[in-house]
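K.L.:
Knowing the structure of chain A, use the given hints to seat chain B on it.
2 protein chains.
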Amino acid sequence: MNRIAVDAMGGDLAPAETVRGAVAASSMGLEPILVGDQSAIANELARLEADLPVVHASQVIEMGEDPGQGLRDKPDSSISVCARMVAEGQAGAMISAGSTGAAMAAAAIIIGRSQGVARPTIASVFPTPGSPTVVLDSGANIEVKPEHLVQFAVMGAVLSEVLFGLEKPRVGLLNIGEEPGKGRQLDKDAFDLLAATSLNFVGNVEGRDLATDRADVIVSDGFTGNVFLKTTEGAAQTMAILMMEAFSQLEPEAQAAVLPALGEIRRRMDYETYGGAHLLGVNGVVVIAHGSSSHVAIANGIRIAHDGVARDLVGKVASRLAGA
Amino acid sequence: MNRIAVDAMGGDLAPAETVRGAVAASSMGLEPILVGDQSAIANELARLEADLPVVHASQVIEMGEDPGQGLRDKPDSSISVCARMVAEGQAGAMISAGSTGAAMAAAAIIIGRSQGVARPTIASVFPTPGSPTVVLDSGANIEVKPEHLVQFAVMGAVLSEVLFGLEKPRVGLLNIGEEPGKGRQLDKDAFDLLAATSLNFVGNVEGRDLATDRADVIVSDGFTGNVFLKTTEGAAQTMAILMMEAFSQLEPEAQAAVLPALGEIRRRMDYETYGGAHLLGVNGVVVIAHGSSSHVAIANGIRIAHDGVARDLVGKVASRLAGA
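Protein chains in written order, with numbering that gives the first Met the number 0: chain A, 0 to 323; chain B, 0 to 323.
So that you can see chain A by itself, here it is in the shape it has in the complex:
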């Protein structure tokens, strides 16, 4: 079942960009199904002179809405319908650029947690000079126990294997120093538990290790992980602004000569290249795309959702957790 349920209504640029992304994915041989308001989707498809399968959903859970309340009040929301399609086997995976909370709640309630998973977790992928780094939890679980961090680490390692083909991904604990014994009680306890697993645990890592490629998977609680995620965005954005200010001082010929290099940096730093984060620990592949996803991000998100299904991400997570 390689069909991917695409929440056509979720995200700042939906449905225009979600539909356009799905059409692009389809032309790459993937199998998206668009879920949402039938006439709005039909309009977008007509504009693109494209044809894709559509499943109607009459409601939308908005960004500011309480996720649990939204799920109860709107059983025919696009996100609920996507989740039901995965739960009932009409799709192998789903992707949404809508409310992260609603996607998490729909996945947990409708698709269900994998056996043995205490807390589903959101894993983000970071561009680095080496192979991309998986960082989790990136915001699903604000306050956690040490044993949750161990499960996150196992799930993140499986994701790194599945997405990037790494054999024994190096797992690091996000901390404020490299030596053992650093950090909060949570981090000290998690360090000891991680060291006792069969994971390739490389110890504590710091934010500056993004550049030094010391770990393939970086694990932390959802508060710290989310700060980490958004701080890299802020720092990269700051660098980009300073770069633009500096380059605007150059002679026009120099600016023109430099443009290809800037484009290459942009492409490599761009979250859109990875298409979204993975919700791990539920009984289906769930990709959570950035709220401002363009069609490029959606198409890439459909691709990684497809990869997750084709490479049995869910089965591997479950069997690894059972063996951990």
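No lab work stands behind these hints: they were computed from the structure. A portion of the hints provided could be inaccurate.
Because identical chains share one entry, a pair is satisfied inside a single copy or across any pair of copies.
[What the hints assert, rightly or not] List time: in silico EDC-like cross-link candidates among lysine to aspartate or glutamate, alpha-carbon distance up to 16 Å:
hint, residue 1, residue 2
1, LYS181, GLU142
2, LYS181, GLU64
3, LYS181, ASP65
4, LYS315, GLU160
P.N.:
This is chain B only, laid out in the frame that chain A set:
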């Protein structure tokens, strides 16, 4: 008392770079006093054909050493002597690039906390597209209470006023979303307390706000603040590596044309421009320089230490806290 006690023995590049930095500061009209091994310092001064006042200290607390133990075992360490000079009025401020823990312990024990301060805090300065942003606590206090965050905010606001001349610096709480009610219980409680102060509190800010200039002061616990600090370093370093890789593909003439712009970015992003972090909440100006500080960072650190003394940073922190 504008004399600045400089720990000549602290830091990866000491004493060569610390002495060289002090000589540079002296030539700018500042008044450093070098503290450490008299003959080692004399050698460096001779190499530079310079003359500066020296106070001998026969011991050094090493980076890995337990700070409290080091202070007890080595009463004649360079860091202890610096702190005693501030405590006894022979210097108005001190700067060290050695063990942060030892500098904090020496300041708290020998110089003493300011009245009413529950926890001294380390404040770092970040380059941003607008005026620099003060971030605290950047690692001194791993686990804190909401009322500590309020004191950090007050002290950070005073530092922003003193260093950058801002009148009503905007204070933000580092969080994982902009809306009130986000984050851990700590953050929710701190939000309510901050909103009730006379600070110019702008609410929650995120790491991505580094680029959007929403706050002049960003407050958090020392674990999160330290992750924030090191993640910006890692992200900036990652961008720099990607830039170098991309630019190395350009034609030689284009590379040469771009060099001045790269130098300008480097200068603006460089922590050395700010010379160090401030330890706030003790009865003296204490600047904690980066462990790998070059002479440029040391000279700038001596300058900001001088500014702190000349503009009565300590008195202003104490009076603001008393009035908060």
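K.L.:
What hints, given by number in increasing order, does this structure fail?
P.N.:
No hint contradicted; all consistent.
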